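> With the hints as a guide, bring both chains together as one complex.
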Amino acid sequence: MSADRPNQLFRNMNAKVAAIPMIVTALFVFVGGTAWTIVYSFTKSGLLPRMKWVGLDQYERLWGTKRWLIAIENLAIYGLCMLVLVFVIGFILAALIDQKIRFENTIRTVILYPYAMSFVVTGLVWQWILNPEFGIQNIVRGIGWESFTFDPLYTPEIAIFGVLIAGLWQGSGLVMVLMLAGLRGIDHEVWKAARIDGIPAWKTYIFIVIPMMRPVFITTLVLVVTGIVKVFDLIVAQTGGGPGIATEVPAKYVYDMMFRNNNLGQGFAASTMMLVTVALIVIPWAILEFGGKRSND
Amino acid sequence: MESSISIRDLDLRFGSVEVLQGLNLDIGVGEFLVLLGSSGCGKSTLLNCIAGLLDVSDGQIHIGGKNVTWAEPSERGIGMVFQSYALYPQMTVEGNLSFGLKNAKMSKAEISQRVARAAEILQIEPLLKRKPAALSGGQRQRVAIGRALVRDAEVFLFDEPLSNLDAKLRADLRVEIKKLHSRLGNTMVYVTHDQVEAMTLADRIAIMKGGQIMQLASPNEIYNRPKNLYVAEFIGSPSMNFIHGELKGGDFVADGLSIPMTGYEFADSSEKEGKAIIGLRPEHIATGDNLASAVSRTKAKVSLVEPMGSDTIIYASVGSHPIHIRMDGQATVKPGDEVEIGFQPARANLFDPSTENRL
Ligand SMILES: Nc1ncnc2c1ncn2[C@@H]1O[C@H](COP(=O)(O)OP(=O)(O)OP(=O)(O)O)[C@@H](O)[C@H]1O
Ligand SMILES: [Mg+2]
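From first to last, the protein sequence lines are chains A and B. Start counting at 1 in the first sequence, then tack on 10, and there's your number in my numbering. Start counting at 1 in the second sequence, then tack on 27, and there's your number in my numbering.
In case anyone wonders, no lab produced these hints; they're calculated from the structure. From a predicted model like this one, the values you see are computed outputs, not experimental measurements. The beta-carbon is built from N, C-alpha and C at its ideal position, and this holds for glycine as well. It is possible that part of the hints are untrue.
As the list claims (entries may be wrong) - In silico lysine-lysine, DSS-like type, Cα no more than 30 Å apart, as pairs:
#1 B:302 to B:326
#2 B:328 to B:93
#3 A:213 to B:132
#4 A:110 to B:302
#5 B:129 to A:213
#6 B:302 to B:275
#7 B:156 to B:129
#8 A:54 to A:76
#9 B:132 to B:158
#10 B:93 to B:129
#11 A:213 to B:158
#12 A:213 to B:156
#13 B:129 to B:158
#14 A:76 to A:62
#15 A:213 to B:299
#16 B:328 to B:275
#17 A:213 to B:135
#18 B:205 to B:275
Unchecked claim - DEER-style ranges, computed between Cβ atoms:
#19 A:198 to B:294: 55 to 61 Å
#20 B:310 to A:198: 55 to 61 Å
#21 B:364 to A:25: 56 to 62 Å
#22 A:296 to B:206: 58 to 64 Å
#23 B:129 to A:120: 37 to 43 Å
Extracted from the complex, chain B is given alone in its bound form (with noise of 0.2 Å):
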């Protein structure tokens, strides 16, 4: 895969902070890349860094092949989206669209077939004339993507442009970000702590914490196989379940309870055996008519039940483990119900109590 972004060795500091350290990235050519992880982790200042809005203390950012560590933001090809819309608010939209163009001395031409083009892909004609106090929140989010547009810049930062907006309208400029993507088929970085954004735009994710990558990989395989604890317990809602245990012998056993993990992909392909902590995602715990595919069943205890609409969530525990599951929406179920749950070796994860890695 060409890499449209490459980021060597990258260390960035603030004073004696160290907010990224020694990180690698390559982001292919056309790539959707999300930035995911909790507050504070060094999302927006990794993007910031490849922006050049940062001064790196460490390391090297190429993007297109140009070394442009230390290169202006304005010459690197990259249009940035923010949070707060960062619009120009006593421009119209049209000025805010058209003023770093004009500032670069392009020809007016040339600016307003670009301004027209970028106006007709967001549907934002008729407000060109507006200043952006007089847009909804949606509005002033398009005319900021409109303004990284007629840059026609070969990379498109975004820093948790939608986490302003209200959840409706979340999603559909969710689907149109997505779509545009598609359209314009230019790399994309895009920093959120949204998971569901995350899952549906991404073609990989990167889970980062404290400044470091945890994961890289599609949303598929983050989903599946999350290579360790942290990434296991951030991907999900509700959470995974987890079960601190033992294996033995091609079994998983904790107090009351005993997988056998046939059919379980082991890290490096060899079977374990000692401590261990399984993890099970509620919608992997088989129940009702999905039983048939479980390996091995057991009772629960239900404690809670939520119901959700399109699905139900019940609290439960199987011998001192409290767990809970995912049911289909109709399912009945009260508190203090007994219910026959099964487990799916295959789609079970498994972690090293000690380095959090996975199995």
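Next comes chain A alone, as it looks inside the complex (with noise of 0.2 Å):
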């Protein structure tokens, strides 16, 4: 039978050639690079990289730093309330806007436009919002309320949650248009089908809708994870890692290193660390999403 079906390797010729150059950039660039970055994780490269090997070595300075502990703590609180709270705030937002209101052009593209800029320009204007002396203690302070503190930028202990009021500001619309889509990609009649049963409408939500959403979510979900895992400009333009070391990320430390205290090894092994994490997210991900059989959905 299948002897006279055509090579599938020649299929498709054109679309296959013309896909070459960017199979080779990102064989070349991508995996090349990031097996290059591994490889010298192993090694005692400073300045340069040098082949000269030192095992774990690297690795385990790594894990004896104070700074790489701190950073990864502070990945790990930012990550779990920014996860947490994007998902809560862009899903309440969206199902708010999906209820068919007034000016939801203008409010959807105002609580998008965040997104739309620089990590770089977030920071600064959260910076200024945090600083006591022109932020929002000034302000509240100017009212009356002679005492009020609030200053988390200044304050190491909770200084993290200032960058997270920040991430969440910029990420919660990405977030609420993906999950607008995804609501209004469900068949009204549903919602009708559950007013006529009888389910309150913060069940179908939870029962019905939600689950109707999952690819939406799982998307969302791997979009605002990488997002995190690599916060970096944010941190720099906002709180340059401090006070002292408390505001420091991983993707802070891998530059640093790189670029500043001239330890190429650190940085590598950093951030073969970093790719371990995303790769651990990332490949269960694709295999559920696109791997095996479709499931019934």
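Here it is in structure tokens:
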């Protein structure tokens, strides 16, 4: 039967030829670069890469460095809060907008606007807003509440939450539009059926609508999570990692090691750790979404 | 007739768009009422008002003797079936059937008994553990009907339940819905724009146009005695022939044509004079063996023949008037032939061209 079937390799030849440059780039730059980084993370590279093998030394040093540990802790706090809050806020905003409110387009644009801005701008804006001299604290005190204190960026214990606020402000819009698109894809008649069944709106969301939006949720999750892992510019612009090392994050650690401390080996090791984290998230997702046979939905 | 649903002076506006205006409708207990009309005439809107899915702008709705104008859909004693099935895709068939009942805090025993009964009636027992995605269109629609069934509702509302199915399945399910109605005996309101569904299912049909009911009557009455031109034109396929002419001394006269109207029942049993439109169904124009029963005869020149197996539609002209005629499927006619045709005044329809109402 398969004797006269055309060779799969030569079908759509034009498309395949056209894709070659991209495939080559992907292979050499992404895969090659990644492999190179991983290999050199086992060397004693300083200012320049040097093929001097030191085994796991760089990793041992990495996990013995306070700054890296704080960076990891910050990432965990920021990541967890960000993940939960950005979904809750984004979904609630989307659900509100989905009620066919007036000025929907305006509101959607306003909320999505922060996402169109660079993290650097967001960082600076929130640096000012949270600055005790110019920002919220100053305004509230100006109204008359003299003892009001709100300076998260100047209190090491909670500085990361100051960053979190800025991150949420920027990230909620994206989650909102994705969720809104998902909500709009739900058949109106399902809502009607649920009303006839006497199911309250919140239960309809939780038991019917959200399960139907699974693909949107997963895609959003991946976007949000990868955004969290590589958070860098927001920190640089808003706190510079400070006060002290209170808001250090892994990506900034990598950057500092590689380009300021002339310690490429450390940077490579740290970035390999980050890669592992992202891989641990993305690979199961990819298998779930694209691999295996399609589940019934 | 005791009424199950009674609608009083119902108005519904979307912003400034008047969709339903001063609509009155009484539906009897156990009646099968079909709402029929062209797209956009407000059928779904009316059904959604009955269901409580739309807030009415004015007027009242009573179901089972209770004023439910402002009651929640779930408190109206209704079940509803949608065109897109609207099943909950992440739940099994059983979950779909029982979710509403669970939510209403019904006992487990009662739920499983109701689900079992619905599954038995609809013959979906083997499907109970499947998800909707693993069902065919017809099976999905059965489950959707089941979801209405387990609610033990007095009133079933259907919004074009068969429109997404292929012709064969549609015919099968149509029969099943009819059987279901005679078995359960509850009130059903059924929206469709398929005439065949309307004619076969309905006890009464309400023909709607622009948010108003044009005629509310039995299928037979609607077919044979349409109240106005719109209804006459809407019902029947191929549609009725219309010829403009004049009523003169008991005859209908148009150029090259004169039909004595003896035997025609005028609307208020008084003969009329003046301009009129005669409406003749293609199957009520007699040919061949049927000519004997026809009162007035004339010749028609055939221009086109459409054999359809069970019958043959011929397009012809009488004088200057194009008409189409339904003939026996075995008739042998060719374009260019002259056929003798006859009219049966008792089965004709006369309309006033200015008011468009039946004379
Ligand atoms: N949410 C809405 N806002 C404004 N106008 C609406 C809305 N829903 C329906 N309409 C209008 O109301 C009229 C009746 O709509 P409806 O859905 O009842 O028609 P229908 O008879 O069910 O037609 P179909 O056979 O196509 O389903 C239409 O002209 C439609 O444009
Ligand atoms: Mg409709």
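> Run every hint past the structure and note whether it holds.
Status of the hints after comparison with the structure:
1. B:302 to B:326: holds, 24 Å
2. B:328 to B:93: violated, 60 Å
3. A:213 to B:132: Distance ~14 Å between residue 213 (chain A) and residue 132 (chain B) Cα, so the pair holds.
4. A:110 to B:302: Distance of about 52 Å is beyond 30 Å: violated.
5. B:129 to A:213: The given pair, whose Cα atoms are some 12 Å apart, holds under the 30 Å limit.
6. B:302 to B:275: Between residue 302 (chain B) and residue 275 (chain B) the Cα gap is close to 9 Å, so the pair holds against 30 Å.
7. B:156 to B:129: Roughly 17 Å between the alpha carbons, so the hint for residue 156 (chain B) and residue 129 (chain B) holds.
8. A:54 to A:76: Satisfied, since the Cα-Cα distance of roughly 20 Å is no more than 30 Å.
9. B:132 to B:158: holds, 23 Å
10. B:93 to B:129: Since the Cα atoms of residue 93 (chain B) and residue 129 (chain B) sit roughly 25 Å apart, the hinted pair holds (cutoff 30 Å).
11. A:213 to B:158: Distance ~20 Å between residue 213 (chain A) and residue 158 (chain B) Cα, so the pair holds.
12. A:213 to B:156: Holds, at roughly 22 Å.
13. B:129 to B:158: holds, 18 Å
14. A:76 to A:62: holds, 26 Å
15. A:213 to B:299: violated, 64 Å
16. B:328 to B:275: holds, 26 Å
17. A:213 to B:135: Status holds; Cα separation ~20 Å.
18. B:205 to B:275: Distance of about 46 Å is beyond 30 Å: violated.
19. A:198 to B:294: 55 to 61 Å: At roughly 43 Å between Cβ atoms, residue 294 (chain B) and residue 198 (chain A) fall outside 55 to 61 Å, so the hint is violated.
20. B:310 to A:198: 55 to 61 Å: Violated: the Cβ-Cβ distance is about 41 Å, outside 55 to 61 Å.
21. B:364 to A:25: 56 to 62 Å: holds, 60 Å
22. A:296 to B:206: 58 to 64 Å: Since residue 296 (chain A) and residue 206 (chain B) have Cβ atoms about 50 Å apart, the given range 58 to 64 Å is violated.
23. B:129 to A:120: 37 to 43 Å: holds, 41 Å
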